[in-house]
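Heads up, the sequence shown is in this note's numbering, so the first residue is 24 and it goes up one at a time.
Derived from the structure by calculation, the hints contain no laboratory data.
Take the hints with a grain of salt, since some may be wrong.
Distance condition first, Cα-Cα at most 25 Å in a straight line; then the derived DMTMM-like pairs of lysine to aspartate or glutamate [unchecked claim]:
1) K221 x D257
2) K62 x D74
3) K181 x E148
If you anchor each label on the Cβ, the simulated ranges turn out as follows [claimed, not checked]:
4) N76 x G137: 40 to 46 Å
5) P239 x T288: 57 to 63 Å
6) P239 x E152: 31 to 37 Å
7) D305 x V143: 56 to 62 Å
8) N76 x L297: 36 to 42 Å
9) D299 x N217: 15 to 21 Å
10) V143 x P80: 49 to 55 Å
11) N76 x F277: 46 to 52 Å
12) G124 x T75: 18 to 24 Å
13) L300 x G124: 25 to 31 Å
14) V120 x Q145: 49 to 55 Å
Remember, it's a predicted structure, so these values are computed and weren't measured experimentally.
Here a beta-carbon is modelled for each residue, glycine too, at the ideal position from N, C-alpha and C.
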Amino acid sequence: MMNKKLLFLLLGSSVLSAQTINESAAATKVSGKTGINTKVPTRTLTIQNTDTNQGKPVLRLVDTPKYSENINSAMDAALGGNTQSTTKHSDYRHLVVNSVGDVYQGIPMTNNTGVINLVVKQVNEDWIETFDTGIDYNKYTVALLSYTLHTPQTEPGKMPMLTSSNNLPNGKSTINGETYDLSKTAAPVVYLKNHNGKWAIHADYPNLGLKNFTLPTAQNPQRDISGGSKGYGDWEFYLLVGKRDYLPSQRIEFNMNKASTKAGTSDANYSAKLNDLLNKLD
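Generate the whole structure from the sequences, applying the supplied hints.
Next comes the structure, spelled out in structure tokens:
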């Protein structure tokens, strides 16, 4: 008993393990329980490690069959049990152990994430201000894997093209005596956002529009110099979706203060939020 008290004092009074129990009370409740290396089992089966086995697992299963070996077998037929008929991972569950050694049935054997291939058709030229996916923002984490703007032909005899806005300056730049037209190329702006508690998508080519232009023909070889008619594009997205419980996310902001090179961990707030997320993955 002295050794147990000394160990408890060394570890601290806040320590709780599977062995810090009231043995006197537990000894009166061992009926129907089996203990290995202990005379005071506290669960239906309690396994206590030995001094000579410290640092090693207390349980080893030898020649354990793979989960799929029970498919369509009759191993439980004599006992009146049901046979397993599929190999779906979701039919099986891991065992999970809490901090005091109690074992529970875990979540199904899946990675708890899925990929949605979302195609949003006939948008206003190239512009999606807000597309509500219907996915609960607080329950799920969504990550944007990729996106593509498709420009289908929506008018016979016309070709869809992204064109720059008339509001863009037609400026020029002189470098080393050479004059160049300024580029009107625009990068797409695509991001996810919270819209009324749902995950939503914004997608756009700023200052560009999808227009349809008449193709030259043998009868009319002239190129179309009009402003074109309105086109309607299709956006395609690949979204990774998972429950927030298993796929945590964290919004982190960092101010570069007009510099081009910085380390995020130089900011205490950045480091705190980063570590908060990383600790959830341990």
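Status of the hints after comparison with the structure:
no., hint, verdict
1, K221 x D257, "holds (22 Å)"
2, K62 x D74, "holds (16 Å)"
3, K181 x E148, "holds (15 Å)"
4, N76 x G137: 40 to 46 Å, "holds (42 Å)"
5, P239 x T288: 57 to 63 Å, "holds (58 Å)"
6, P239 x E152: 31 to 37 Å, "holds (35 Å)"
7, D305 x V143: 56 to 62 Å, "violated (38 Å)"
8, N76 x L297: 36 to 42 Å, "holds (39 Å)"
9, D299 x N217: 15 to 21 Å, "holds (20 Å)"
10, V143 x P80: 49 to 55 Å, "holds (51 Å)"
11, N76 x F277: 46 to 52 Å, "holds (49 Å)"
12, G124 x T75: 18 to 24 Å, "holds (19 Å)"
13, L300 x G124: 25 to 31 Å, "holds (28 Å)"
14, V120 x Q145: 49 to 55 Å, "holds (53 Å)"
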